[in-house]
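Visitor: If you want the building blocks of each chain, they are given just below.
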Amino acid sequence: MIIPDRSPNKVTIEDLLRLKRAERPSPEFWTRFEQDLRAKQLAAIVEKRPWWHALHLPQAARAISRFQVPVGTAAILVLSFVVVNQYRPVATPTERIAPEVSGPVMQVAVKSVETPKTNAFAPVVVAARSAETLALASAPKMVTSSASARTVMVVNSTALSSQPSELTAMIPWGVAQAEESPASARLLDTGVQAESISNLSVTSLLGNAGTDGDQIQVSRPQLAEAKSVVAQASSPREVRRAKVLAGLVLADNAESSDYARAIHGRDIAANDLSEAQLYDSVHRLGVGGDRFTLKF
Amino acid sequence: MNAVSKALTKILVASPERQQEADSDWMIVQRVQAGDVASFDQLILKYRERVYAMIYNMTSNREDAADLTQDSFIKAFQSINRFQGQSSFFTWLYRIAVNSSLTHIRKNKLRTFFSFDKVHEDVGVSEVINRLTDKKDVERDVFVHELQEKLNEALQKLSIPHRTVVTLFEIDGLSHEEIAEVMTCSVGTVRSRLHYAKQLLQAELQSYVRP
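For the protein sequence lines, the chains are A and B, in the order given.
Residue numbering for the first sequence follows this note's numbering, beginning at 1 and increasing consecutively.
Residue numbering for the second sequence follows this note's numbering, beginning at 1 and increasing consecutively.
Because the hints were derived from the structure by calculation, they are not lab data.
The reader is advised that the hints may include incorrect statements.
[To be verified] Result set (SDA-like, lysine to any residue): computed pairs, CA atoms no more than 20 Å apart in a straight line:
1. K150/B / Q202/B
2. K118/B / K10/A
3. K46/B / Q35/A
4. K40/A / I160/B
5. K10/A / Q78/B
6. K109/B / Q78/B
7. K48/A / G85/B
8. K150/B / E127/B
9. K46/B / P16/B
10. K75/B / K10/A
11. K40/A / V37/B
12. K118/B / H145/B
13. K40/A / P16/B
14. K118/B / R50/B
15. K150/B / E177/B
16. K10/A / D134/B
17. K10/A / L45/B
18. K10/A / K46/B
Note that the structure is predicted; figures quoted are calculated from it, not measured.
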């Protein structure tokens, strides 16, 4: 083993730092230090500590940090569940709403009876899925049925009442399910009542575009085609799409200024809102590969 | 491996003296936790000089160092019930002191005053000074004071982590493992910081270093 040759005058950085170790206070300094410390200690005992010191936050954080992965996963799952529930379309299971809705249904039905029934309307264009059908829809024919310029669309009630399930999915507040309730069942005994319910269904379908008291009339071919569109809607996405398309048809048929909102919606849809954008707004959640996306 | 065995492993990494020290400290701490507040004075007497020296070399100001040392002991006293023996009391106290110093230094970054303690010349220090100068009496004292200023200036030029590592290793004599525990970083980080800090100090104190 070779011992390094150290010259007698060699000074290293460690030697210089040894000088720092030699810097020490005098004994008097420690006497005063102790007095000050005692005073501070007493003050600390007397002083009331803030309440959050009792929470032991660092310890709690340390305890949680051990379970970072499971806690994080659980939080994501709960959040996903809440968000999915929040944005799920209000569709089929509406039995609980039925008793509440049966009242308004009857009221509206009576109102509808007052409107003159006529089948003499010209065929009206109906919502359809394809662009060609939409092109056809640009030639609407709306008929005002009364002097008060209330726009009424007559619905083929038998067609609707025979197959209510598809349309039910499109009605936000579950009117169609009211048909299953005892009160509604009594109403269905008469065609007029069924027609009224159908009228109401279409109104709901169109997003309550009309003002209070306005009724919308739909011709038989129009309704038949709407029914076919609805029948094709198998998923919530399709249902929403059919709803929007039906709204567009109504906007095209609108003559009253009360439907400005619907017309505005049509313009937006025609000019700006592409299908992709529409679906983008409908679907905020997405899962693809190893990704989970959430849009706000 | 539970927390206690982890702590034991850490203590065993250090020297046997440190382990013995840690055991006796733990017994005192348990007494304090049980309500024997006066026992804490033993810990103060035992560690006050080392804690003070560490803070003094970090701040280069004796008044600040005295205040921060007192504050560190007060904090340790207030939090003594949270100490569960997962590390030695010594490293726990050092961590409190280091954090207090760092907070103080960051707060007073732009306001730095030096005030030095007297250099107590023991055999080793006198030998180093003799190698650096052959002056006697007053001239020698002036030289030592000048060297003290230069040393403190050089230390203050280091970044806070580098200064902390140099202070804890070269001046306070802590091991790499203990420094890593106090600074909550890896031993490798401690070593690299120490190496870099020494290079910087060497460059700053070139006129005093004799190869």
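Visitor: Does each hint hold? Answer for all of them.
Guide: Verification of the hints:
1. Only pairs whose Cα atoms come within 20 Å are accepted, and K150/B paired with Q202/B is accepted, the gap being roughly 12 Å.
2. Between K118/B and K10/A the alpha-carbon distance is near 24 Å, which puts this suggested pair outside the 20 Å criterion.
3. Pair hint K46/B plus Q35/A holds up; C-alpha atoms about 17 Å apart against a cutoff of 20 Å.
4. The hinted pair formed by K40/A and I160/B fails the criterion: a straight-line CA distance of about 28 Å is larger than 20 Å.
5. As the CA atoms of K10/A and Q78/B are separated by approximately 48 Å, the hinted pair breaks the 20 Å bound.
6. With a C-alpha separation of about 28 Å, the suggested pair K109/B and Q78/B falls outside the 20 Å cut-off, and the hint is violated.
7. For a cut-off of 20 Å, the pair hint linking K48/A to G85/B is broken: about 26 Å separates their Cα positions.
8. At roughly 19 Å between alpha-carbon atoms, K150/B and E127/B fall within 20 Å of each other, so this suggested pair holds.
9. Taking the CA atoms of K46/B and P16/B, the gap is about 18 Å. The hint holds against a cut of 20 Å.
10. At most 20 Å may separate the alpha-carbon atoms for a hinted pair to count; K75/B and K10/A exceed this at roughly 43 Å.
11. For a cut-off of 20 Å, the pair hint linking K40/A to V37/B stands: about 15 Å separates their Cα positions.
12. Of the pairs offered as hints, the one joining K118/B and H145/B holds, with about 9 Å between alpha carbons and a cut-off of 20 Å not exceeded.
13. A distance of roughly 35 Å separates the Cα atoms of K40/A and P16/B; the hinted pair therefore is violated under the 20 Å criterion.
14. In summary, the hint linking K118/B to R50/B is supported, as the alpha carbons are separated by about 16 Å, within the 20 Å threshold.
15. Using a Cα cut-off of 20 Å, the hinted pair K150/B and E177/B is violated, with the two alpha carbons roughly 29 Å apart.
16. A distance of roughly 14 Å separates the Cα atoms of K10/A and D134/B; the hinted pair therefore holds under the 20 Å criterion.
17. Between K10/A and L45/B the alpha-carbon distance is near 37 Å, which puts this suggested pair outside the 20 Å criterion.
18. Of the supplied pair hints, the one linking K10/A and K46/B is violated, its CA atoms being roughly 35 Å apart against a limit of 20 Å.
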